[in-house]
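Peer 1: Protein chains in written order, with this note's numbering: chain R, 1 to 182; chain H, 1 to 368.
Honestly, the hints are just simulated from the structure, not real lab data.
Given the structure is predicted, the values throughout are model-derived calculations rather than measurements.
Any given hint could be a false lead.
Said to hold, decoys possible - Pair ranges (Cβ atoms, derived): (1) H/Pro21 <-> R/Asp16: 47 to 57 Å; (2) R/Trp76 <-> H/Ile119: 49 to 59 Å; (3) H/Ile119 <-> R/Glu55: 46 to 56 Å; (4) H/Gly40 <-> R/Ala135: 22 to 32 Å; (5) R/Glu75 <-> H/Ile18: 12 to 22 Å; (6) H/Pro21 <-> R/Asp178: 20 to 30 Å; (7) H/Pro21 <-> R/Leu19: 53 to 63 Å.
Just so it is clear, CB atoms sit at the ideal spot from N, CA and C, and this is done for glycine as well.
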Amino acid sequence: MKALENQNLGNKNKNDEQLQVEAARQDPARFAELYENNFDRVYAYIASRVRTREEAQDATADVFHHALASLPRFEWRGLPFVAWLLGIAANVLSDRWHRVARQREIVADDLDQIGIEDDIEQRAILYQLVDTLPADQRHVIVRRFVGQKSLREIATELERSEGAIKQLQLRALQNLRDRIKL
Amino acid sequence: MANITLADQLEDAIEIMIAEPDSAPPKVDLKIGELLRVAGELRLLPDPNFKAALKAELLGQTLVMPMAVFTDTHPQVPQLQRRQAPRDARLEDILPSLFKAGDGNYPVHRGNFAISAAIHAALIVLIATAGFWMARQPQLTPHATSVLLTDISTYPLPLSTDKTGGGGGGGDRDKLSESKGSLPRFAREQVTPPAIVVRNEQPKLPADPTITGSPELTAPPTSGIGNPLSAILQPPSNGTGSGGGIGSGDYGGVGSGQGPGFGLGSGGGTGGGAFRVGGGVSAPKAIYDPDPDYSEEARHAKFQGTVLLWVVVGADGRPRDIRVIRSVGMGLDQKAIEAVTQWKFEPAMLDGHPVAVQVNIEVSFHLY
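Build out the structure end to end from the sequences listed, making use of the hints.
Peer 2: So this is what it looks like as structure tokens:
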């Protein structure tokens, strides 16, 4: 019974995604929904394959620009939309590596074989969970890992003690660990 | 207290992880290890500002700069700095007003319409009146034409039937100058050069000694063959020249010239200098005759005129010894000489051989 419910839910999501793609084809402004739904997965996929945030952001921007431009040529092949995006991401990364290290380029036929790996999905979920943290914890995590600020700098920004910020960081990471285990 | 220790340990490990992302994770206890793995996953946590800025850029709401990082100073303002322009940037992002992306969003300024209308009206009036202005101010175009006068039979310098130019000389490298005598017969073609002292008395193919020139030309016979201009009567000598003949010149003639003729000139015939057209000497034909330029001075003064040049056309077809016979000034003489210097001719012919001839060339400068 539950399996049937999951299947129905999957079909519903697929239908919703199809509608979003069609809407975006008609009106590029509707691409926003596809972007919001898939940004974290694409970014997580790229982040697991590059070394710096700058590279990850650069490649992610390329992927979505390319996707927006290529949307009229998108064809449903029984895979979720994100698989197509990850295929573009693979090619974007391959192009970059090819330029730098002459690595093997992934050809179009390989795109169907690119699946959503578990660790990518888990990392994407983790990124989403950060947004659900309490505001002060979220602020510490973002400033610490995105802004690369020291605890002292964050403490100065928030006008709190360094020890308090250290505790907020600990609690935030514990929260994330507990939620991702679920 | 335990939590403080845990937080300190965690912070120390995170500090190392951030500072040295490529190094192996520090050895920590299990509780810290789990949290450190989460922290490791967050090392490249997406910047919320980047996400918002990219979205805005994709939707054409934000146009910005080169890619990179986000500024910390204004985290609430999404500013995506791109290292490279997006490959598929759309035209409406580049020229929003032209491609209607911003159609209707711009205020209307009546002053702009007035200025635009005034400029258009001025342009229309200018175009409409340009024809009248051109008609009143005709531009005189300078032209120049050149004529080789020896090709024109009616010109006051008619082709000669009894006189040719040219000359020749010879000798057999004797130590003495040639002795006096009368000229041999003129013939169109020379078989045997003349000689006062005959070195070969029994030639295998005997022929009368002649010099090249129009057969109508004759010289009064005096005594034996010799150079009529020589003052030496005896002893007989062919002269100090070379190539046979008589005199101090070369190539089988009589005199000090070059060639099988008589006199100071060259190429046969007599009279000195180059041949004139006529008497068996054909006229040269210009095969490359570019027109001269108009001089600036004459153009400004709207001056017209005709320059007459005297030119020797060599056996090689090239003009030389160009002289101005009739000058008009205003720099046109020099322009005429510059042009004729570049001319090339089919050389004049005498008995099938190219010879140098003197010709007149008229160069006319007109404004029309």
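Peer 1: All hints, please: hold or fail.
Peer 2: Okay, the hints, checked on the actual structure:
Checked against the hint of 47 to 57 Å, the pair H/Pro21 and R/Asp16 fails, with Cβ atoms roughly 38 Å apart. Roughly 55 Å separates the CB atoms of R/Trp76 and H/Ile119, a value that falls within the hinted 49 to 59 Å. One distance hint, 46 to 56 Å for the beta-carbon pair H/Ile119 and R/Glu55, holds here, with the actual separation near 51 Å. A C-beta distance of roughly 24 Å is found between H/Gly40 and R/Ala135, which places it inside the suggested range of 22 to 32 Å.
Checked against the hint of 12 to 22 Å, the pair R/Glu75 and H/Ile18 fails, with Cβ atoms roughly 43 Å apart. Take H/Pro21 and R/Asp178: their Cβ atoms lie about 25 Å apart, and the range 20 to 30 Å holds. Judged by the Cβ atoms, the range 53 to 63 Å given for H/Pro21 and R/Leu19 is violated: they are separated by roughly 41 Å.
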